[in-house]
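A.B. asks: Spelled out from the first residue to the last, the chains are:
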Amino acid sequence: MVASREKKELTLGHKLSRDYKLNKWKYVLILPVLVYLALFAYKPMYGLVIVFKNYKTTRGIAGSDYVGFMWFRAFFNDPYFFRLLRNTFTLSALSIIFGFPAPILLALMINEVQNTKFKRMVQTITYMPYFISLVVTCSIITIYCQQDGLFSNIAVLFGGERQNFLINVNAFRPIYVISGIWQNIGWNSIIYLAALSGIDMEQYEAARIDGANRFQQILHVTIPGILPTIMVLFVLRMGSILNVGYEKVLLLYTTSTYEVADVFSTYTYRMGLVNQQYSLSTSVGLFNTLVNVMFLVLTNYLSKKTTESGLF
Amino acid sequence: MKKALAIVLALCLLLTVSSAFALELLPAGDTYPIDTDATISWYVQGSLSPHDVYADWTQSPFHTGLIEKTGVNIDWSFPTTGADGNTYTNTLLAEPATMPNIMGVSKMADAAMYLNEGIIWDLTDYIEEYAPAYYAFLHTNPAYDKALKTDDGKYYAFGFFREDGGWNDSYRGPVVRTDWLEEQGLEIPTTISEFENVIRVFNEAYGAQFSFAWSRFKEGSLEGAFGAYATSDATWFIKDGEVGLGNTTEEWRAYVAWLRSLREDGLFDEDNFSLTDTTIKAKVHDDKVGISMTSMGQLNNWNKEEVAAGREGTWIGIPYPTDDDGNISSIFGGSGIGGYTYMISKSADEETMKLCLQVLDYAYTQEGFLYWNFGVQGVSWDYDENGEPAFLPLVTDDTDTDPMTKYNGATWGSACIQATKLLYLKNSPVAVAANDTWFYSVPAEVSSGWKWPNGTTFTVEENDELSLLNASNIGTYASESFAKFVNGDLDINDDTVWAEYLANYDTYNLPRILEIRQACYDRYLSR
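Protein sequences, first through last, are from chains A and B.
Start counting the first sequence at 1; every next residue gets the next number (the working numbering).
Start counting the second sequence at 313; every next residue gets the next number (the working numbering).
Some clues are possibly wrong.
Residues of chain B placed beyond 12 Å of chain A at every Cβ, according to the derived structure [to be verified]:
| hint | residue |
| --- | --- |
| 1 | N509 |
| 2 | D545 |
| 3 | G690 |
Quick list of simulated restraints, FRET-style, between CB atoms [to be verified]:
| hint | chain 1 | residue 1 | chain 2 | residue 2 | range |
| --- | --- | --- | --- | --- | --- |
| 4 | B | V365 | A | V274 | 27 to 37 Å |
| 5 | A | I154 | B | A621 | 28 to 38 Å |
| 6 | A | I143 | B | D696 | 38 to 48 Å |
| 7 | B | D552 | A | M294 | 30 to 40 Å |
None of these hints come from the bench; they were simulated from the model.
In this text, a Cβ means the ideal position worked out from N, Cα and C, and glycines have one as well.
Work out the full structure: start from the sequences and follow the hints.
C.D. replies: So this is what it looks like as structure tokens:
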């Protein structure tokens, strides 16, 4: 049995050595990424241990006292816990439900446009919002949402009343999701356009010969052609289901909308960077990550089951 | 009525100016410049950043000038442009070994913890010898000495003091457009009913609403007219020695119900929660607001911009309104002792710490006081015919915003004593009169006597317990409840809703947090 294992190890080493000789430059290319991951993804993991400690900066990670699951208990018993969980899931789920298909639809539509100039113009216009800083985007949204802003003017045109939409609890989520789609739809469609260009034109020709119209071609050739790409991106997106960026929420929420806008990342920011409760905020971060991993594995499993494509 | 008020204010003004330079400060003697090659590092969270026109501190006359005056090389550092100062400070505190030697931060409540953890120096055994001017200044007023020590009598920081003893702590208050008042034949409102009437008349006549930048309202506004002590932020107050939370009283309920009624009648701007000093100006200049709350600095700006646009500067400060019987419980104010201090971190060895003490002490000497407030004599200021400091054309002819901040360090508060004269020189007579109105129209217990004092310190155990109790949740709950009441998402007039609102504070551990705060305050009193 020992001899067999040694043989196996030798085989693996041999394989690696042979692969390295064949792909030397690829290994060199991947090195910075490995260093990056080691430094910024794996090394900080040591710091996670402070979730079990009453972390004091002067005593360091090793010198701080163990307190077991005290911070997890404090977090789970926090009156805001369920609200944070609900808000994070809701904002993320809405962003996925409406935001994930949007660039796919845009890519499909752009793909159908025959006029090259018009196609390029549409692409450029839809990419542009992506390059606007988030702070500027949120300032524009804030101004448009004011009592005498653009949205109020439109509402009045249709018989509605003037109001500040950003203090309206019911309006916060649509504003967050729609503005997110507006900002990212063009950029996110690039990868689908690339996938679309990889579909063999002969398949369309065959479909046309079989009598398929444009819509049937999209349904039976285009979408199946980019489905693996869609699924990989969907699995990746599900892996960050609890990662709602704190910047945009911080920039858009007011005390009126905490009820629907306060999410794990804003809570972590407040507890960690504002209130210096490092152990507590790390425990929230760890919880966040564990839920993300769970969703990643689950979605990957379902994806492989249904479409036979997945991440791992 | 108006004449009497004007006479009282003029007298107060005279008293304030004549009391300037009554400070008894030690001369710097031959201590400065100190003969040394050593360099100290000095971090400033806010208030002392170089003027915007300079790329960095090496171009700033004040920062480089202090190096010349004290003889000690200073390596200044500030939060990255655009960063939140408090957050930036916390990232520095997370790495105590690499902290700058002097830390200019707003962390008095945590001082006992920092001393216990060995993050900052206990200055008790050194202060009298190495900072004699500061030590002497603290002993000119028992309140100063009490505020700048821990409960067990340890000195740990250099503080910020206002020469006027609290006048400019009331730098924020109600303001009104005088041209509209005159057009409508209205008097300056003094009671809350009159105040509301002005809002209503302005709304009917001009379509204007009661509006303001949120930061100028949330920490203290018109609640005093209802006998209350809080607006939207969780506000701890002291009454008859008892610590309370302003947002849980019946008086606060009456105040919020009043705001709600304004909102229902379309008189209270819905945009308030998201308005800043910049965005409110569009409303001010577009005639969408005629009565508001702002600071004396912003009042200056509003009038200046009106004049620049070819109109007359029409905004003036008016008294905080009382109830209809003339009673008022609180206004935005303070005791003249800032909450912002300069501590010496343990990244400084003992010799460096002594040097830091000497450098910081300079601000509390006669010469240092003048440098910190006015800059270099003969360059940025000189004595006028009355023997009082006055800025020279280098400052007065400079069209940049707040040009004196290029040469002085006391304009926004720092480790120094802010001269009242500086504020008189910096602000327009209308803005100074506004500050007079806000401060002198109420007795001291209304402007500062009710306030949770700056300088209280929690014990290490209390700090740990407050962390575990998530004490900051109280602030979140208070301010979002305020918004819900004002917007009508919760009915403030419904007794069941109100009872539930109060009961929820137990979920946020208010009873225990009040006990901790009471103990902290009692220790402070017995210092």
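A.B. asks: Tell me, in ascending order, the numbers of any earlier hints that this structure violates.
C.D. replies: 2 and 7
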